[in-house]
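Asker: Residue-level listing of the chains:
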Amino acid sequence: MGFPFFRVTIENMPLDTSIRVLTPENIAFEYRLAGPFQRLGAYLLDLLVRGLVIFLFCCTYSLLVTASRGGLQFLGIAPITILAFLLDWFYGGVFETFWNGQTPGKWALGLRVVTVEGQPINGLQAVLRNLLRAADAMPVAVAITFPVSISLPTFMLGLLVASCNRRFQRLGDLATGTMVICETRETAQGTLRIEDPQVIQLAENLMAVATLPRSTIRAIAAYVQRRGFFGPGRCREIASPLAEVLIRRWELPPETDPDLLLLAVYYRHFWYEEAQSAGAGTESPVPTPPQHAVPAHGRIPAEAVPPVLGKHL
Amino acid sequence: MWEQSLVVIRERRFGDVLDLALHVFRDNALAILGWGVVGVLPFALLNYYLFSGQTSQPFFDEGDAFLYIIFYFWLVSWQAPLATAGVTLLLGQRMFRQRVQHVQVGKQWLGSLPQLLVIQGLVRGVMHLFCISFFIPYILFPYMNEVILLERNPLLARGKMNTLRRSGQLHHANLGELLLRWVLALGVGLVLCFSLTLALGTLTALLQAKVPPLSWWIVGFFPAAAWITVVFMTVVRFLSYLDLRIRREGWEIELQLKTEAARLARTEWVNP
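Heads up: the sequence lines are chains A and B, in that order.
For the first sequence, the tail end lands on 313 under our numbering, and the numbers increase by one without skipping.
For the second sequence, the tail end lands on 585 under our numbering, and the numbers increase by one without skipping.
The hints are simulated quantities; they were obtained by calculation from the structure and are not laboratory data.
Incorrect hints may appear among the rest.
[Stated by the list, open to error] Facing chain A, a subset of chain B residues (Cβ under 8 Å, in silico):
hint, residue
1, V320
2, E324
3, D329
4, L333
5, R339
6, L343
7, S369
8, E375
9, L499
10, V501
11, G502
12, L509
13, A512
14, I566
15, Q569
All residues carry an ideal CB built from backbone N, CA and C; glycine is no exception.
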């Protein structure tokens with residue numbers, strides 16, 4: 001019974017590259033996942049770093065061999081081969097162990113490896129997931145060109161496995177219970193201060209704003225935050241569907257400008273009381289922001305932020 | 314509407330779009346591959362016929378193969394919008410989790426065919442002939458297929474919205490970003506195609522216990538990988554088109570407000 005229900009739930013959820021992790025304390029954290037394509041950039045950067053290290057080592061080693069006047073010649077290319085081997089197999093493991101789930105490439109692109117519970121990974125997980133990259137690289141094409149053969153990992157197995165689960169886990173991640181996340185830092189936007197007299201005048205008459213559902217206020221807040229990026233025509237086009245319903249319900253004049261109306265609703269909800277108390281000469285209390293559950297996709301709603309960062313429109 | 318969309322509607326970076334495309338491809342794999350095959354097969358057969366004179370020659374070697382790959386890519390990049398029109402229409406239907414009506418997809422495809430042939434076939438074809446203009450469609454109107462197929466405006470109409478005006482409206486002022494995205498998409502597409510070709514060839518070699526002959530790589534693995542990549546990049550292009558609409562036109566805000574309007578229209582609330 002459980003499985004079909006679970007299946008239906010998943011099917012009805014819009015697809016996204018984020019995942020919500022619930023802690024034992026019942027607190028939900030949302031993580032943006034890094035899929036194969038975002039990780040490809042980090043992998044290429046790490047390859048570059050490894051290549052640079054080997055190149056610098058080769059230069060230093062050849063200088064040492066020359067300086068030793070043949071004393072180190074018996075070593076041949078063994079030190080370089082050993083270094084290449086160590087870097088190939090342990091570069092990622094060592095960095096992710098001591099750098100809290102990051103390699104230089106991941107650090108540069110803001111990626112981090114964490115456990116599926118959102119905890120930092122340990123050394124065993126770091127080393128094992130990097131060792132298993134060899135399996136993810138399958139099938140490996142071998143181009144035999146005399147005198148050397150070149151191995152070309154195609155990473156098709158890793159891509160296929162990562163595509164088949166919601167956390168974009170490759171084989172190494174599945175074996176160690178890890179996932180790669182993007183460390184995005186989204187800044188909360190303050191509420192915008194509106195000083196347009198037309199908006200304020202209209203807001204005076206909007207007594208019913210308090211009865212609007214929270215989701216509607218959130219949608220209007222999102223509109224007001226973004227409307228500066230659109231032209232007047234587009235603003236009217238976007239605002240019209242909701243404004244028409246509000247005009248009908250509140251029996252406002254049909255010619256009320258949709259954009260103006262949504263701005264007035266916004267002003268009434270966020271600023272009206274403060275403006276009233278300031279106008280009455282009383283001490284302006286710091287408005288308490290309404291408490292909202294963190295919505296999906298980790299974006300903090302504008303109304304959840306005290307209006308101290310207000311900008312003038 | 315807002316909550317019932319196929320993907321979460323928000324602004325995304327290009328890497329995020331590519332990753333999301335994997336989810337969309339997986340969840341709609343059968344339908345996408347089905348429409349992909351329907352659209353791609355005629356062009357793949359045409360290309361096979363066009364190149365069969367050269368590829369079947371006994372003296373066809375690695376040098377010829379390199380030239381063949383260049384020409385094949387050139388041809389595929391011209392044919393791709395026409396070949397993947399069905400996939401774009403399918404994704405358009407799936408966007409709001411509608412039940413896919415394949416007959417409807419076919420009808421819409423036929424209805425848009427004249428515009429597709431004129432703009433994507435003729436105009437792009439002419440631009441493809443010259444190295445200097447080859448890149449123009451990818452920068453000036455990369456989402457023309459989506460505009461033609463999903464927005465369905467007339468090609469030319471005085472005084473009201475038409476395809477060309479709509480395309481200008483959508484793509485205008487984003488040229489830098491569109492160029493960057495195209496370069497990234499090209500890089501990813503080439504890597505994916507190369508990896509897929511190698512993977513198909515290597516798997517065949519493992520199964521047969523011998524390296525397949527050059528002709529198999531040329532007429533089998535490489536074209537298959539190229540067209541699979543094209544179909545996948547169609548999903549990426551569709552999601553990038555949505556992303557552009559979100560960034561430029563506030564599409565997600567529009568949907569959010571429409572959803573709220575519909576909800577309020579359904580709900581009675583106390584009017585003080």
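Asker: Hints first: check each against the structure and report whether it holds.
Answerer: Outcome of the hint check:
1. V320: Holds: closest Cβ of chain A sits about 5 Å from V320/B, inside 8 Å.
2. E324: Check failed: Cβ of E324/B comes no nearer than 10 Å to chain A, outside 8 Å.
3. D329: Hint on D329/B: holds, closest Cβ of chain A at ~6 Å, below 8 Å.
4. L333: holds, 5 Å
5. R339: Nearest chain A Cβ about 5 Å off; hint holds.
6. L343: With Cβ-Cβ at 14 Å, over 8 Å, it is violated.
7. S369: violated, 25 Å
8. E375: Because about 11 Å separates E375/B from the closest Cβ in chain A, which is outside the 8 Å limit, the hint is violated.
9. L499: violated, 14 Å
10. V501: The hint holds - V501/B has a Cβ within 8 Å of chain A, the shortest such distance being about 6 Å.
11. G502: Nearest chain A Cβ about 11 Å off; hint violated.
12. L509: Given a least distance of 7 Å, the restraint on L509/B holds.
13. A512: holds, 4 Å
14. I566: holds, 5 Å
15. Q569: holds, 4 Å
Of the numbered hints listed earlier, those contradicted by the structure are 2, 6, 7, 8, 9, 11.
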